[in-house]
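**Q** In case you want the letters, here they are:
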Amino acid sequence: MATEGTMTAPALVLIAEDEEPIAEVVATVVEDAGYTPRLAAHGREALELARAEQPALLITDLMMPYLSGAELIAALRSDAAAGGHAPLPVILITAAGPAQARAAGADAVLRKPFELLELDALLRRFLEAQAC
Amino acid sequence: MTKTRGEPFVKEREATARAASRPGDPTGVPNLDRVLGGGLPRGALVLVVGAPGSGKTTLALQMAFATARAGRRVLILTALSEPTNKLIAHLRAFTFFDEDLLGDAIQVLSLQQFLPQGLASTADEVQAEVRRTQAGLVIIDGFRGMRSAEGDPQRAREFLYEIGTALGARGATTVITSEAAPRDAALFPEATTADVLVGVHYGLADLRQQRYLEAIKVRGAAPQPGLHAMALAADGVTVYPRLEARVTEGAGGEEESDGDLTGAAAGRDARTVQEHQLTERVPFALPEFDALLGGGLTRETSTLVLGNPGAGKTLLALHWALAGIEAGDSVVYLGFRENRRQLLLLADTFALGPRLRAALQADGGLTLLRLPPVELDADVVGDRLLAALEQTGARRLVIDSVAELERTAALGNPGRVGDYLAALVEALRARRLTTLALKETPALITTDLGVASDTLSVLAESIVVLQHVTYGDRLHRMLSVPKMRFSAHDLRLREFTITAPTGIHVRAPGESEAGVLAGIARQQGGPAAAGEDVDRTWPRKGP
Numbered sequence: 001m002a003t004e005g006t007m008t009a010p011a012l013v014l015i016a017e018d019e020e021p022i023a024e025v026v027a028t029v030v031e032d033a034g035y036t037p038r039l040a041a042h043g044r045e046a047l048e049l050a051r052a053e054q055p056a057l058l059i060t061d062l063m064m065p066y067l068s069g070a071e072l073i074a075a076l077r078s079d080a081a082a083g084g085h086a087p088l089p090v091i092l093i094t095a096a097g098p099a100q101a102r103a104a105g106a107d108a109v110l111r112k113p114f115e116l117l118e119l120d121a122l123l124r125r126f127l128e129a130q131a132c
Numbered sequence: 133m134t135k136t137r138g139e140p141f142v143k144e145r146e147a148t149a150r151a152a153s154r155p156g157d158p159t160g161v162p163n164l165d166r167v168l169g170g171g172l173p174r175g176a177l178v179l180v181v182g183a184p185g186s187g188k189t190t191l192a193l194q195m196a197f198a199t200a201r202a203g204r205r206v207l208i209l210t211a212l213s214e215p216t217n218k219l220i221a222h223l224r225a226f227t228f229f230d231e232d233l234l235g236d237a238i239q240v241l242s243l244q245q246f247l248p249q250g251l252a253s254t255a256d257e258v259q260a261e262v263r264r265t266q267a268g269l270v271i272i273d274g275f276r277g278m279r280s281a282e283g284d285p286q287r288a289r290e291f292l293y294e295i296g297t298a299l300g301a302r303g304a305t306t307v308i309t310s311e312a313a314p315r316d317a318a319l320f321p322e323a324t325t326a327d328v329l330v331g332v333h334y335g336l337a338d339l340r341q342q343r344y345l346e347a348i349k350v351r352g353a354a355p356q357p358g359l360h361a362m363a364l365a366a367d368g369v370t371v372y373p374r375l376e377a378r379v380t381e382g383a384g385g386e387e388e389s390d391g392d393l394t395g396a397a398a399g400r401d402a403r404t405v406q407e408h409q410l411t412e413r414v415p416f417a418l419p420e421f422d423a424l425l426g427g428g429l430t431r432e433t434s435t436l437v438l439g440n441p442g443a444g445k446t447l448l449a450l451h452w453a454l455a456g457i458e459a460g461d462s463v464v465y466l467g468f469r470e471n472r473r474q475l476l477l478l479a480d481t482f483a484l485g486p487r488l489r490a491a492l493q494a495d496g497g498l499t500l501l502r503l504p505p506v507e508l509d510a511d512v513v514g515d516r517l518l519a520a521l522e523q524t525g526a527r528r529l530v531i532d533s534v535a536e537l538e539r540t541a542a543l544g545n546p547g548r549v550g551d552y553l554a555a556l557v558e559a560l561r562a563r564r565l566t567t568l569a570l571k572e573t574p575a576l577i578t579t580d581l582g583v584a585s586d587t588l589s590v591l592a593e594s595i596v597v598l599q600h601v602t603y604g605d606r607l608h609r610m611l612s613v614p615k616m617r618f619s620a621h622d623l624r625l626r627e628f629t630i631t632a633p634t635g636i637h638v639r640a641p642g643e644s645e646a647g648v649l650a651g652i653a654r655q656q657g658g659p660a661a662a663g664e665d666v667d668r669t670w671p672r673k674g675p
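Going down the list, the sequences are from chains A and B. For the record, in the first sequence the residue sitting at position 39 is 39 according to this note's numbering, with numbers rising by one throughout. For the record, in the second sequence the residue sitting at position 228 is 360 according to this note's numbering, with numbers rising by one throughout.
Be aware that a few hints might be false.
To be verified - Quick list of simulated restraints, FRET-style, between CB atoms: (1) A/L116 - B/S280: 45 to 51 Å; (2) B/G283 - A/G105: 57 to 63 Å; (3) B/P357 - A/L117: 31 to 37 Å; (4) B/N545 - A/L116: 27 to 33 Å; (5) A/E118 - B/N471: 46 to 52 Å; (6) A/T28 - B/G203: 39 to 45 Å; (7) A/A52 - B/R340: 55 to 61 Å; (8) A/P113 - B/Q266: 27 to 33 Å; (9) B/P357 - A/E118: 25 to 31 Å; (10) A/P113 - B/P158: 37 to 43 Å.
Calculated from the structure, these hints are not laboratory results. For each residue, glycine too, the CB sits at the ideal point set by N, CA and C.
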């Protein structure tokens with residue numbers, strides 16, 4: 001658990017997913033792992049939230065309205081480069097093939113349909129690494 | 133943004149009409165472009181309607197992948213309440229699916245988050261997404277849900293106007309699927325908006341599922357009318373145009389139609405059929421029989437071979453096919469019963485086995501198109517046959533047998549058989565084929581030489597009859613040619629034998645036992661007998 005024995009707030013995980021049922025399932029996994037989910041219904045909203053709330057991890061879909069997952073990742077990478085800080089780690093959840101997923105520039109990719117345990121393992125890996 | 137039908141609207145519709153008059157884009161669905169009269173008009177609003185499970189979504193998504201492969205971006209918007217990954221999981225089962233196209237060339241989005249704001253707002257959001265993705269093809273799957281969610285059919289109609297005109301003006305083609313009976317009157321208000329209206333009919337015929345596609349309306353084009361068989365398989369949707377529509381395509385009702393003469397057939401010389409018929413012969417390489425026919429069958433005609441089971445029809449057809457190969461004609465053998473192994477077994481019984489094996493080699497000239505006679509669709513048969521003829525440039529065709537074609541054409545519509553066979557004969561004439569079509573007569577053994585008149589016996593230029601006839605204390609194999617249009621021929625009855633290794637041997641009149649031919653003729657009460665009445669009313673030409 002990320003917060004056990006400390007007074008710090010649980011890390012924020014931003015979830016960018018335009019399909020509500022999937023977003024809710026992902027949020028449940030994040031909550032069960034002891035982190036705080038923050039939902040964005042599309043890429044544009046996710047970019048605004050990422051800039052405002054400094055999440056520890058982004059879990060994003062690839063195909064979303066207004067701003068795709070690839071465009072969202074590119075914008076965040078650009079922000080990080082301009083601000084001179086480490087880029088936000090990103091888990092991409094997509095039905096697209098490996099070539100598209102790689103091109104999007106995420107740190108990890110989960111293919112839809114995915115096992116919840118896989119997602120759980122991935123987000124723990126990223127967030128526990130940050131906590132060390 | 134809701135529009136009323138004022139002047140701006142009319143101008144937008146004109147823009148759409150102009151877009152619709154451009155050459156059509158390929159759909160990627162086999163034969164659908166032909167049925168639509170030339171693909172999808174770019175910028176058109178296309179409505180695909182059908183019952184649940186009919187295949188309309190697969191049809192639309194197959195178009196999506198074909199369009200993306202052709203280099204145009206595609207936006208798929210699903211109005212269904214299920215997640216898009218379910219749609220994608222469904223698509224993975226099809227061979228046209230390519231996951232590398234997803235995410236860039238093809239974007240799949242759910243409309244669920246837009247719909248609560250109403251259709252007018254959703255139309256604006258759709259346009260924004262089309263601008264963002266630069267999509268050349270937009271698919272909206274599940275329009276019925278959007279229509280009923282709004283509660284007011286007028287709003288649904290306005291949504292279609294809005295989408296159709298705005299996207300059409302950008303050159304984006306929009307395909308919308310909706311659950312409905314294809315000719316449901318309640319759909320008519322929306323249907324007037326569409327440039328293209330495609331209905332997918334889906335139901336049961338006895339125990340089997342049947343799908344048909346209908347191009348109900350295609351603005352600015354001449355679609356093939358009526359219902360066309362549609363199959364849904366691992367490679368997606370395939371449309372099989374109704375044979376009757378293919379043959380009349382572009383004919384304008386003129387008497388001398390070339391049907392859908394294309395490819396190899398179109399490239400052949402333009403001599404008239406009549407010239408061929410009177411000058412060229414297509415022999416069996418059975419000397420007595422060819423002599424009786426005046427040298428062989430007449431080129432570019434259809435011959436019906438009638439015979440009771442076991443009379444030797446298939447063997448006669450093999451003789452004719454192999455004679456064709458050896459004369460340089462490529463041959464297609466359309467068979468429903470004997471498979472390759474069984475045909476070889478039959479040929480091996482006689483001395484035809486090695487010749488048949490050689491003919492069936494890759495460059496041997498004989499193409500065996502065997503379609504198991506189970507749940508066949510007449511238009512699938514027609515399409516596969518015409519495709520085989522085009523691919524091989526065949527000059528001779530064997531159909532073994534017509535009874536299967538008749539049975540298949542009659543499924544669900546007994547009145548269709550006549551039109552189907554007439555269309556088939558027309559299509560074969562257009563391709564300058566010489567055809568030997570076999571058909572069983574019901575009686576196993578007969579004392580009667582009569583031939584029932586049916587559709588094909590009227591359509592075919594020639595008829596050959598093979599029969600077992602009882603005379604005296606034994607069976608005799610008898611052969612006769614009661615009809616041979618455009619040619620002199622010998623009307624006398626002939627006895628023939630089937631023996632190994634020769635195969636069929638047609639006896640000269642003097643070879644039969646004394647009195648047999650005359651006796652059988654007397655048994656019929658007719659005048660024809662050995663040595664009598666040879667019809668030479670037509671001048672003999674050719675070899």
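**Q** I want to verify a distance hint. Is the separation of the beta carbons of B/G283 and A/G105 within 57 to 63 Å?
**A** Between B/G283 and A/G105, where Cβ atoms are some 44 Å apart, the hint is violated.
**Q** Quick one: are A/P113 and B/Q266 within 27 to 33 Å, going by C-beta?
**A** This hint holds: roughly 29 Å between Cβ atoms.
**Q** Between B/P357 and A/L117, does the C-beta distance stay in 31 to 37 Å?
**A** Violated, since B/P357 and A/L117 (Cβ atoms, about 56 Å apart) do not stay within the stated range.
**Q** Return holds or violated for the Cβ distance of A/T28 and B/G203 against the range 39 to 45 Å.
**A** 41 Å, holds
**Q** Lying within 46 to 52 Å: is that true of the beta-carbon distance A/E118 to B/N471?
**A** Since A/E118 and B/N471 have Cβ atoms about 49 Å apart, the given range 46 to 52 Å holds.
**Q** Check the following: the C-beta atoms of B/N545 and A/L116 are separated by a distance inside 27 to 33 Å.
**A** With Cβ atoms ~52 Å apart, the hint is violated.
**Q** So the hint says 25 to 31 Å: do the beta-carbon atoms of B/P357 and A/E118 match that?
**A** The hint (25 to 31 Å, Cβ to Cβ) is violated, given that B/P357 and A/E118 are roughly 53 Å apart.
**Q** Per the hint of 37 to 43 Å, is the separation of the Cβ atoms of A/P113 and B/P158 within bounds?
**A** Distance hint for A/P113, B/P158 is violated at roughly 32 Å.
**Q** Check the following: the C-beta atoms of A/A52 and B/R340 are separated by a distance inside 55 to 61 Å.
**A** Check passed, 60 Å falls within 55 to 61 Å.
**Q** Is it true that A/L116 and B/S280 lie within 45 to 51 Å of each other by Cβ?
**A** 33 Å, violated
Violated hints, in rising order: 1, 2, 3, 4, 9, 10; the structure is consistent with all others.
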